[in-house]
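Each chain is listed here by its residues.
Protein chains: 2
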Amino acid sequence: MAKKLKGQTLIFSNPPQIIGHTSVVGPEEKKGPYGKDFDFAYQDVKCGKDSWEKGEKQMASDALKGAMDKAGLDPSDVNLILGGDLLDEIITADYVARDQDIPFLGLYSACAIMVEALGLGAALMDGGFADCVLAFASSDYQTAERQYRNPIEYGAQYPPYKQYTVTGAAAYALGWLGGQTWITHFTAGKVLDLGVKDPNNMGSAMAPAAADTILQHFADLERGLPDYDLILSGDLGKMGKKMLLSLLQEKNLNPGKKLQDCGALIFGGKEKYGAGGSGAGASGVMLGNVFIPKIIKGEINRILLVGTGALLSPLTIQQGESIPGIAHAVVVEKITGG
Amino acid sequence: MAKKLKGQTLIFSNPPQIIGHTSVVGPEEKKGPYGKDFDFAYQDVKCGKDSWEKGEKQMASDALKGAMDKAGLDPSDVNLILGGDLLDEIITADYVARDQDIPFLGLYSACAIMVEALGLGAALMDGGFADCVLAFASSDYQTAERQYRNPIEYGAQYPPYKQYTVTGAAAYALGWLGGQTWITHFTAGKVLDLGVKDPNNMGSAMAPAAADTILQHFADLERGLPDYDLILSGDLGKMGKKMLLSLLQEKNLNPGKKLQDCGALIFGGKEKYGAGGSGAGASGVMLGNVFIPKIIKGEINRILLVGTGALLSPLTIQQGESIPGIAHAVVVEKITGG
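Protein chains in written order, with this note's numbering: chain W, 1240 to 1577; chain D, 1240 to 1577.
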């Protein structure tokens, strides 16, 4: 039997460290309660480029370069880049990787990409296949609206439970030395579908997958809520977080304030942003610049980061399909003693 | 230093076996010279469904089920599914995975997905994270034309060097026992861009990446052409294969007939199919049902399978971007003696 697998959870015997990370966001995220925490915020939604897509690419490139700089890495130090984004054919990530002389593995799991990249990257390191990897993900309000719903110029009206895609890119460098947090476990999730068909209600489409992955993670490791200081979901928003809470309560788990959602937090709950943020960048920028600092300061110690993805395309919605969800989780913690 | 990495090549110390594989194709592929070799061919391009996309999903589901059946696997035996396809948001793979009670990692590298899935799956097994994985990929002429170019009803005229997307799905089960071929190495490729902007000329966009990955693989392992019975590229087509040959010749490598291309072969060179086949399904169906049987019969022993992906989206073409390429490679061979 696979020595480092229990159920769906990969257990790292030599957990890699996060040796550098960078978050780049847009103007709306800068205005939010965590605005001052991010490494850099563009005031221009196109990041000085002539299209939204080129702007998103700029943001993701900046994040990747920032993570390498903070970790003191040259491209030749990095064995592998793993990443993706929400655009068709993960074209942001493809073009960011084009500028790097480093092998690239493209991933797609919608807004769970950041966690998929961290988990797979850590597994490849623990397995002896790499000493240093970069994991990155991005999302962008303008590019996502145009692709998934309507170009923002149309001024389409949306229901209040719709989420607002986070304009943000995050990159993480994983290595063996010099970090203050470790990635110790990766729980890969299943695709679940409870029949949600409204593409404005992605939080509800993703919540069942989040619940399933959290419960599976606890079962695999014989752990429970007391073992974690924070269960941090990616981008369920207010609606999806509420549903996740009630799904966990059905299993007699009451996380209370131990459950936080990056999407619900990032815009401070303002009405303009509907049910809160979404997007592959949301969990990345919040983990790195809001919660990892809390670990480093000793305020918390162990986080279960649950990336949540809604697996839809405009075509599947037009064809009347429902929206499956997926959730992948990694444990981010400070390893002390030993 | 990472024990199982040389340059860009992951070296498996316990190479996983291919314990079952299945190829499902469409009517055009059935008419080709390898038509009788595939496990199943649909005569209806929608595979009995009411849309092309649902047809592609049916084909990919059949391949996955076929691979599990041939390997004698229940879903509970499988630790992980890895896969993807050419559709936006890899929606074929997402919906196929939804029907399985197995964790899923979505991948995207265009037509290199099959090799990315085989390589990553094998690495996770060798690393101690899984005992059994499924790797799959699909493509479909109808769904790809509609998404990347024009719906086929428009009857658009194309240049003779355009490739014809293979309607095909392939799935592989990797395990430890009962197979007759092994995956021993995985070389992850870089994203390369020599400036090709014509989306009908993807073979030329991918050839530089294929050459780079082949040369890197040889350098990493201190190997050369004599060490392989076949260099099998994914879907360069006639044009791309010609360019790859000339790029290799510049480095004094003359593979001659040792270099074959799944795309150039699958339709037998008929004019109707332009420069030959393309698509994420091409390499999968040809490896499993044409070349692995040759290994099993003892006609050849070691293949370097080079999956080639063109990283474009309709949007990037509209925005005047060039088309980067990527190539990932795995070594598929029969391990004898020991």
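Errors might be hidden in some of the hints.
Because identical chains share one entry, a pair is satisfied inside a single copy or across any pair of copies.
[Unchecked claim] Cross-link-like lysine to aspartate or glutamate pairs, in silico, EDC-like; alpha carbons within 20 Å at most:
no. : residue 1 : residue 2
1   : Lys1477   : Asp1278
2   : Lys1293   : Asp1432
3   : Lys1245   : Asp1340
4   : Lys1490   : Asp1466
5   : Lys1285   : Asp1466
6   : Lys1533   : Asp1432
7   : Lys1511   : Asp1432
8   : Lys1490   : Asp1451
9   : Lys1285   : Glu1384
10  : Lys1245   : Asp1316
11  : Lys1573   : Glu1538
12  : Lys1243   : Asp1370
In case anyone wonders, no lab produced these hints; they're calculated from the structure.
Keep in mind it's a predicted model, so treat the numbers as computed, not measured.
How the hints compare with the structure:
1. Lys1477 / Asp1278: neither (26 Å within a copy, 48 Å between copies)
2. Lys1293 / Asp1432: Close across copies (17 Å), not inside one copy (33 Å); limit 20 Å.
3. Lys1245 / Asp1340: Between copies only: 16 Å across, 36 Å inside.
4. Lys1490 / Asp1466: Within one copy, since 17 Å is at most 20 Å while 57 Å is not.
5. Lys1285 / Asp1466: Classified as neither; 42 Å inside a copy, 50 Å across copies.
6. Lys1533 / Asp1432: neither (34 Å within a copy, 41 Å between copies)
7. Lys1511 / Asp1432: neither (29 Å within a copy, 41 Å between copies)
8. Lys1490 / Asp1451: within (11 Å within a copy, 52 Å between copies)
9. Lys1285 / Glu1384: Answer is within: at 14 Å inside a copy they meet the 20 Å cutoff, but 30 Å across does not.
10. Lys1245 / Asp1316: between (32 Å within a copy, 13 Å between copies)
11. Lys1573 / Glu1538: within (11 Å within a copy, 54 Å between copies)
12. Lys1243 / Asp1370: So Lys1243 and Asp1370 pass the 20 Å test inside a copy (18 Å) and across (10 Å) alike.
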